[in-house]
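Take a look at the letters that make up each chain.
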Amino acid sequence: MSETVKQDHAVIGKSVPKIDGREKVTGAARYTADLKFPNMLFGKILTSPFAHARIISIDTSEAEKIPGVRAVITHKDAPTLKYGISPARWDENIFCIDTVKFVGDKVAAVACIDEQTCYKALAAIKVEYEELPAVLDPLHATDEDQPQIHPEFVRNINAEIHQDFGDVEAAFKDAHYVRTDTFVGNRTYQTPIEPHTATSMWDGEKLTVYSSTQSPHYFQYYIAREFGLPMGDVRVLKTYVGGGFGGKLEPTGLEFGGAILAKITGRPVKMFYDRAEMFAHNRGRHRQYMTITSGVDKDGKILGVHADFVMDGGAYTSLGIATAYYAGAMLTLTYEFDNFRFDMLRVYTNLPACGAQRGHGAPQPRYAFEAHLDNIAKDLDIDPMDIRILNARRPNTTTPNEFLVNSCEMKACLEKAREISGWDEKKGNLPKGRGIGVATGSFVSGAGYPIYRTDLPHAAAMIKVGEDGTAATLYTGATDIGQGSDTVLCQMAAEAMGYTYEQMKIVAADTETTPHDFGAYASRQTLMSGAAVKQAGEEVKAQMLEIAAEMLDFPAVDLDIREGKVFSPGNASVTLTFEEVARHFFVNRGPLVGKGSYTPPKLGGKFKGAAVGTSPAYSFAAQVSEVEIDEETGEINVLDVWDVHDCGTVINPALLEAQVHGALFMGLGESIWEEVKFDDKGRILNPNLSEYRIPTAVDMPVVHSALVDSYEPAGPWGVKEVGEGATLPTMGCFRNAIFDAMGVSINSLPLGYEKVWRALKERREEGPAE
Amino acid sequence: MFLPDFDYHAPETLAEACDLVRDLGPSAKVLAGGTDLLIKLKHGLVTPTAVISLKALDELKTITHVPGRGVVIGARATHNDLVNSPLLHERFLSVSEAAHKLANNQVRNRGTVGGNLVNAIPSADLPPILIALDAWITLVGSNTSRTVPLHSFFTGPSCCVIDPVDEILTEIVLPDQQTTGSTYLKFALRRSGALSVTGVAVAVTMDGDTIVDSRICLGAVFPVPVRANDAEDLLRGKTWSDELLAEAGEAASCCALPITDIRGTAEYRLDLVRVLTKRALKRAITEGHV
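Each protein sequence line maps, in turn, to chains A and B.
So in my numbering, spot 639 of the first sequence is number 639, and the numbers just go up one at a time.
So in my numbering, spot 153 of the second sequence is number 1153, and the numbers just go up one at a time.
It cannot be assumed that every hint is accurate.
[What the hints assert, rightly or not] Covered stretches of chain B (in silico footprint by chain A; criterion: 3 or more residues with CB under 8 Å from a CB of chain A, positions within the stretch not fixed):
hint	segment
1	1024-1030
2	1193-1205
3	1253-1265
4	1268-1274
I should point out that these hints are in silico values taken from the structure, not numbers from a laboratory.
It should be emphasised that the depicted structure is a prediction, and the values quoted were computed from it without experimental measurement.
Virtual Cβ for every residue (Gly too), placed ideally from N, Cα, C.
Using the sequences and the hints given, assemble the complete structure.
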């Protein structure tokens, strides 16, 4: 067991109401699309109707004549500097110059006095294309005869990864049993309920962009870079954000195009995607072909693993180079083995670009590995739970790819899941058509290295106590996109200051008024932003104690502050209110401000790609699910899910449980229904919520969420992540439950009713099993 | 996504509405709940210069029993009116249940039974159960009124026998009948807000364990809702058994001619017809109108 530090907390560890709950529930919360500015124009982007085509000419003259049209722009009006996640793979232009590379690629944009006029103007832009053959099949993208999508990326290879740790071949040679399986992960889309929106405006040479973003800082960095502006002249901020899940982590044509249109017209320009445009812009989950070979000893102990993957990246890199590394890197976390090889080919296709989606690269390989492990367990006649407990990672260990794992209650998670799900009573004893499955997951609590190369701290925070001490404002760049980070960080600030949550205010995610923070991705904010907030709160507290000691003529070391009361643990008569002390401070010393910043320790190995997957701390989770399969129709009915998490100290139990529920909701959809489908021209067949089926409330199973005791030394108060890790086990867990129920393996996502039906039919036709 | 400009009419009487339909001709569209029409308008799939709303015609919203005619459902009754009708609960709960399987609550609050029929989508959820219960409809024109059996109303995807420049569908009638049980089974890829992959409705008339008569109607597996006549013939006059119902399921799938689309392959749909038919029959035989 890890060191468990039981602390007596006043504010954290409690399910305080969300700081923005009332605004959101009453409809008072204003999202980016609700913002209106004087003289605001509306902007829309014209996109490519072809998957691959040469642009011969663009004629905007007719569009410009339409009354109410204020600007029409193409690549001629935009910087030609390419952008993307890393210099080696900057491959995307604001507007296409020579060729369009997917249906939905950005060609031109308009700004008009109203939205209706935008559609008329878009229809009046004449683009002459020469259609080119398109690459639509990722498995053939690297073939010699395939068209070249980016001239500088030969054979459409966007990235090739080869990592080798230990000696996999020797491990296979020594193994009692070696098995290879192939699985296919699927293109899915984040489907945030709020569509992407950005409203851009200029004040002289200063650009302000309101955006529905997960990372104002990253947007600021790339917008400044594109337009050659000092970062100080670009302000990116957000209001409320209705979900991101990785899809709002990088700037889009809405920010870039909006900035140009606003500059030309001298007026604020609001741009937004509709639901179909969101699907076309994509940056969702990659399609992934995953072959995994493992060798185990006679007890099922894993000796070595080889993961050999091909990934359909779509037309651009987006954040996908990180996705490609994550896909293999995160496979080493939940089980201990010494020998690991990872080969990955990320290829370009003429389909929408893929990027980061909740669990970034890890969920599909986790599905593949958990299914593969169940196949091995079945072959060796080992209980799936036992094989996992046998291999479960222990605390204070290092993975073969050199990730340091501090706290880790993988085994305890599995044991608790076994207990609360009734695994031992159910396994092998369920009625016909029912099955039970188990899977694990682990995720970073923030990436060990920044999203782009920089030596900036990962997080910073500032707390300003009000003049009379009745309120304190936390200024943080951390980005609440619905997950509740504003609430959790205010709890942490109040805890560190000795203050109350109810008196906290927050200003967040504004590059001008709040200190730098990389934003909401890689499940980083509770640990990283939280560490900066804790430091800021402690700095306030130290200043408070110092002046309180003067006021009371009492040694500061014998004083403490808790829930707004200054007191001495040893002397009940010594007492002041937080307000009295704070006011006295302001009168005598000026503003009472605390600040903090956080940089993770140097992490990871020296090999190529070693940075991806490093983190100060990792969450661990085990999930058990019970499903019921309709033998004749293949319908999958998920009855119950038991999720047991090791996520360190919990700041807000209600929000944690909400994350588990939300992750399971997404995991359920991805497991069973969700699939972005294309026709043979690369056009999306289901860019809508009718035929791209996310679950509804009535589809949700009963969710049992539990925790194991855990304390993470690298996190403030012992915290770790939960938001993305909870997505990881689900797909494999359902696959394994179906495998248990029916004895058929569904080797591609989504698992789907028809796939189950077909697998059962094929087995019937093959005759009785051996 | 904007509604185009059009003239809007909301006539106060049915006669006035019929006159408008005739006078405005093909340039006009009739608006009931709007759950299909508004989407088509916004996507530019239809471009009428006038829209005639039936919203003021409250007499088309009632669900009543008229002795000698049967249960008369006004064409403007919403799906949720069907879901919540005590009269249907008492006589044909299966119709309420079928309406409840349609779309989601928001659509059920707006969408109307008449609109669902006139829209004539092959996967629509109401036609199979209404046809199984031998429903007929009334089409009223400016100078005419005619009744049409629902099973001969549909002529193809999005096509039906209504005269779009003269007629308005005003009511659906479920005649008084001898049937002892009926049900609609829908197979969709999610529990709510999903179109049918396959739907099967049956109505049976039982005398003890003998199937005196049955009507089986298949949805989403043919250009129009289609009766599974072979299966019906096979059942007539027989004592029911699981084996017999399984045979009927096989026979029903021979009556279907599904397509492969985004929701499922033809092969899958054929097998679903088989499974749903035998299950629907058993349910209607053993549980009544459910």
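Going down the list of hints, with the structure as the test:
1. 1024-1030: Since 0 is below three, the answer is violated.
2. 1193-1205: With 3 residues closer than 8 Å to chain A, the segment 1193-1205 of chain B meets the three-residue bar; holds.
3. 1253-1265: holds (count 4)
4. 1268-1274: holds (count 3)
In this structure, the one hint that does not hold is number 1.
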